[in-house]
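Q: Can you build the whole structure from these sequences, using the hints too?
Chains as they are written, first to last, in this note's numbering: chain A, 1 to 334; chain B, 1 to 521.
Because the hints were derived from the structure by calculation, they are not lab data.
One or more of the hints may lead you astray.
Below, a list of computed lysine-lysine pairs in the DSBU-like style, where the Cα atoms sit at most 30 Å apart [to be verified]: (1) B:K189 / A:K54; (2) A:K61 / B:K153; (3) A:K54 / B:K153; (4) A:K54 / B:K174.
From chain A, some residues computed to sit far from chain B (all C-beta separations above 12 Å) [to be verified]: (5) L21; (6) A41; (7) L67; (8) Y70; (9) G77; (10) A112; (11) L142; (12) G190; (13) Y233; (14) N270; (15) G286.
Calculated from the model, a selection of chain B residues having no Cβ within reach of chain A, i.e. all distances over 12 Å [to be verified]: (16) L75; (17) T95; (18) K100; (19) V148; (20) S240; (21) D260; (22) D313; (23) R322; (24) N339; (25) E346; (26) Q381; (27) G388; (28) D453; (29) D466; (30) M520.
Where is the CB? At the ideal position from N, CA and C, for every residue including glycine.
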Amino acid sequence: MRELVLTLNRLLWLVPTLLGLLAITFTISHIIPADPIAFIAGDNASAEQIAALKAKFGVDKPIPVQLWNYVIGVAQGDFGVSLYTQRPIADDLVSRLPATLELAFVSILLSAVIGIPLGVLAAIDRNSWLDHVLRVFTVSGLAIAAFWLAILFQLLFAMELGITPLQGRVDGWGPEPVTGFFLIDSAWTGDWETFRSVAHHMILPAVTLSFPAMATVMRFTRAGVLDAINSNYVDYQNAMGVPRRVVVWRYVLRNALIGTVTQLGLIFGNLIANAVVVEAVFDWPGLGLYAVNSILQSDYNAIMGFTLVMGAVFIIANLLVDISHGLIDPREAG
Amino acid sequence: MLIRHASRLCRIAAVATIALGAATTTATAGGKFVFANSSAYDTLDPHAIFDVGRVASRINLYDGLMRWFDNPPHLEPWLAEKVDISKDGLTYTFTLRDAKFHDGSPVEASDVVYSIDRILEMKKGAYSLFEGTVAPGSTKAPDAKTVVFTLSKPSAIFLATVPEIHVVNAELVKANEADGDLGTAWLSKNDAGSGSFQLKRYDPAIGWQAARFEDHFFGWDMVDNPLDEIEFRTVVEINSRVLGLMNGDFHGTDGYLPQDQVKRLRTSDHVVVQEEESMRIFYSIIHNARPPMNDINFRKALSYAFDYDGFIDNILSGSVARNPVPLPNNMWGSPMDANGYTLDLEKAKEHLAMVEGDVREITLGALAGYGQTEQAAALLQNGLNKIGVKTKIVAETWPVASGKMRDEEQMYDLLFLWKSTYYADPNNWLGEMYACEQIGARNNSWYCNEEVDKLLSEARVSTDQDLRKANYEKANRLLMEDAAGIFVYNTKWFGPFNKNAKGIRFSPIGNGQEMRWVSME
Numbered sequence: 001m002r003e004l005v006l007t008l009n010r011l012l013w014l015v016p017t018l019l020g021l022l023a024i025t026f027t028i029s030h031i032i033p034a035d036p037i038a039f040i041a042g043d044n045a046s047a048e049q050i051a052a053l054k055a056k057f058g059v060d061k062p063i064p065v066q067l068w069n070y071v072i073g074v075a076q077g078d079f080g081v082s083l084y085t086q087r088p089i090a091d092d093l094v095s096r097l098p099a100t101l102e103l104a105f106v107s108i109l110l111s112a113v114i115g116i117p118l119g120v121l122a123a124i125d126r127n128s129w130l131d132h133v134l135r136v137f138t139v140s141g142l143a144i145a146a147f148w149l150a151i152l153f154q155l156l157f158a159m160e161l162g163i164t165p166l167q168g169r170v171d172g173w174g175p176e177p178v179t180g181f182f183l184i185d186s187a188w189t190g191d192w193e194t195f196r197s198v199a200h201h202m203i204l205p206a207v208t209l210s211f212p213a214m215a216t217v218m219r220f221t222r223a224g225v226l227d228a229i230n231s232n233y234v235d236y237q238n239a240m241g242v243p244r245r246v247v248v249w250r251y252v253l254r255n256a257l258i259g260t261v262t263q264l265g266l267i268f269g270n271l272i273a274n275a276v277v278v279e280a281v282f283d284w285p286g287l288g289l290y291a292v293n294s295i296l297q298s299d300y301n302a303i304m305g306f307t308l309v310m311g312a313v314f315i316i317a318n319l320l321v322d323i324s325h326g327l328i329d330p331r332e333a334g
Numbered sequence: 001m002l003i004r005h006a007s008r009l010c011r012i013a014a015v016a017t018i019a020l021g022a023a024t025t026t027a028t029a030g031g032k033f034v035f036a037n038s039s040a041y042d043t044l045d046p047h048a049i050f051d052v053g054r055v056a057s058r059i060n061l062y063d064g065l066m067r068w069f070d071n072p073p074h075l076e077p078w079l080a081e082k083v084d085i086s087k088d089g090l091t092y093t094f095t096l097r098d099a100k101f102h103d104g105s106p107v108e109a110s111d112v113v114y115s116i117d118r119i120l121e122m123k124k125g126a127y128s129l130f131e132g133t134v135a136p137g138s139t140k141a142p143d144a145k146t147v148v149f150t151l152s153k154p155s156a157i158f159l160a161t162v163p164e165i166h167v168v169n170a171e172l173v174k175a176n177e178a179d180g181d182l183g184t185a186w187l188s189k190n191d192a193g194s195g196s197f198q199l200k201r202y203d204p205a206i207g208w209q210a211a212r213f214e215d216h217f218f219g220w221d222m223v224d225n226p227l228d229e230i231e232f233r234t235v236v237e238i239n240s241r242v243l244g245l246m247n248g249d250f251h252g253t254d255g256y257l258p259q260d261q262v263k264r265l266r267t268s269d270h271v272v273v274q275e276e277e278s279m280r281i282f283y284s285i286i287h288n289a290r291p292p293m294n295d296i297n298f299r300k301a302l303s304y305a306f307d308y309d310g311f312i313d314n315i316l317s318g319s320v321a322r323n324p325v326p327l328p329n330n331m332w333g334s335p336m337d338a339n340g341y342t343l344d345l346e347k348a349k350e351h352l353a354m355v356e357g358d359v360r361e362i363t364l365g366a367l368a369g370y371g372q373t374e375q376a377a378a379l380l381q382n383g384l385n386k387i388g389v390k391t392k393i394v395a396e397t398w399p400v401a402s403g404k405m406r407d408e409e410q411m412y413d414l415l416f417l418w419k420s421t422y423y424a425d426p427n428n429w430l431g432e433m434y435a436c437e438q439i440g441a442r443n444n445s446w447y448c449n450e451e452v453d454k455l456l457s458e459a460r461v462s463t464d465q466d467l468r469k470a471n472y473e474k475a476n477r478l479l480m481e482d483a484a485g486i487f488v489y490n491t492k493w494f495g496p497f498n499k500n501a502k503g504i505r506f507s508p509i510g511n512g513q514e515m516r517w518v519s520m521e
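A: Listed below in structure tokens is the structure:
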């Protein structure tokens, strides 16, 4: 019951949160002295050409009027038209969002699957050589720029060793989109050759993206396990002669994971942010690349659409984290 | 124990990676050419875009009545068999060849009429080239093979701009119009052309793919083993484009890479770098209407304070050619004897001393993300600092800069940038950049000199080639003496291609991206 109330509460807050996000982004993107219409029209455009385009796209109106028109449009499911491509923003977002989400999901999965066990091992063998090695790894993960790491990976694995593709999402053009998630679409249709190609292309971008996330997961798991391992209930289990492996993986980890899972929600936001860089290096046709181009071109509607969608994804990810707390820790479920 | 586990995990990962690699290795060579493009193909509508970065979709999927070839560029009839020009220079009559659109229907004069009227109505892309010269509805098709353009005023550059009228299949586009949008939504992702290649697949996030159009009017006999398929992919990162060329994923990329990347490419066994002098000048706009730049002595001081040789030889490793006037050296109408300015701080000081009124802090504009413009601004700042002129550098993105350029108040005092070739006629540079009627539109210098303007106006309408050449040469000299801008260099194009690609034909307008001449050995 408590979970249901929590979920409904969060969903209700989604609307004002997104409205606030929209107002801030709209204001920032419109007060910078850029003139996207002049940019779109080209450097040979005449004043008349620019004026006609401004009127066509409604950007000659006062900013509050533009904002109001935009909010009304979004309420009706219309995100507007890209100033640059003249295609509906919704179409652009729908075609690119799955690529980014697929990369982010695989990355977060990698971070959790590798980061959590290593964090536990580091805590159990605290101050051992393994703990020190992993500390170097986590500091590196947090300190190394994704851009630089991506290029290093390309040089080593694609150019020197030749065991991974250099860039792209798949050989050729990929499977016919059903969900837009290539791994799912190719598996769904039994096209295992494409599945392998997609997985192969996923390796470098996913590892690059998950590296800092993995470091965070590891640090939080280690801290959580250390905290839990010194608790009375653990002493009790030990005194009862319960094998250490069982104590750690069944009792300690379950309590230690609460902080880690909270972090996973926040990490998801960072993954989306880092995806902008990683997508550019690996030529991954996702929303990050779209966002960069939109910002450089001051394509207002595209920036708004991207911000809204990513805001919603971030809020939903954190909502799922809150719900998962209840599954891990029954006290949270009420 | 842990080491053993870790080692096993690494082995499994390596084996899995290699296995995946073996399963997905593909052959891209043979009849397919993959080009890594820095600009995203946001739209394929040939009338909506007019930039050099996305020229490939226009010249490979569509045909025009005329076409530019090679370097220096020469204009040849293409879809047109011949063109007759009336004595008064107002009527251009084109006779069409037998040609087919990709859907098999014939290319007719009515398609040309629809195409020019569509450009004029959309007011996008190449519209500005025809604005004021071709009135909407003035182009007629007396029969299926004849198109008659009647100009509103004589224009010596009209023929040079005709290649930008990419002919679309009028019936097909009209059938896909929605809410009177002239078919823009549909044509942004579909093909209604007659070009050498026919669109197969398009994804704005990835690029486009096209197959050879067997029925193209020009035929394929002139090329041994022509390409079966072309693919233009968007690859934003320079490093990824370069590495992709080096490992054979791509067969070509743009020819304006930084010199360090060109040097890197030259070391690759898979790549050859084709070198040509292009027609893309690098210069600084000077706001001629604002004090103290409205004083010729201050403008001369600016021109003498820039280290041209240092910039070209040291920063750009001699990869470009000094260009002392606004017109590219290799364009007719450029005075071959013009020496231009050199770095001379003593002369700069002399001119500075003659400036009337106070000299305030000067804003040097640069384009964020375009390192050369920022380096040039820093170099000028260094020179001006030595003669006692305070400056500040403002680097902003192109959308910001292009907006400011059209506003007399917001325009920077100076702004470093390039001027590309949209059509190979001196008017593309001099007329656009310095004619009084273009002030605030394409003349972003707010420069208006009666004598220069008379020369440019005369050359714009005259059909006398000798007169035009003489006028442009004189206008170049006057602009240089007037120090209307800081004219630095003309770009060289370093086109990197896979060594198996043969037949690349570079033209400053098409940038070597017209693929019908190319074959893969």
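Q: Take the hints in turn and mark each one as holding or not.
A: These are the hints, each one checked on the structure:
no. : hint           : verdict
1   : B:K189 / A:K54 : holds (23 Å)
2   : A:K61 / B:K153 : violated (35 Å)
3   : A:K54 / B:K153 : holds (28 Å)
4   : A:K54 / B:K174 : holds (25 Å)
5   : L21            : holds (23 Å)
6   : A41            : violated (7 Å)
7   : L67            : holds (20 Å)
8   : Y70            : holds (19 Å)
9   : G77            : holds (17 Å)
10  : A112           : holds (16 Å)
11  : L142           : holds (22 Å)
12  : G190           : holds (15 Å)
13  : Y233           : holds (28 Å)
14  : N270           : holds (21 Å)
15  : G286           : violated (8 Å)
16  : L75            : holds (19 Å)
17  : T95            : holds (29 Å)
18  : K100           : holds (27 Å)
19  : V148           : holds (25 Å)
20  : S240           : violated (5 Å)
21  : D260           : holds (14 Å)
22  : D313           : holds (29 Å)
23  : R322           : holds (24 Å)
24  : N339           : holds (29 Å)
25  : E346           : holds (36 Å)
26  : Q381           : holds (22 Å)
27  : G388           : holds (30 Å)
28  : D453           : holds (18 Å)
29  : D466           : holds (27 Å)
30  : M520           : holds (18 Å)
When the structure is compared with the earlier hints, violations turn up for hints 2, 6, 15, 20 and for no others.
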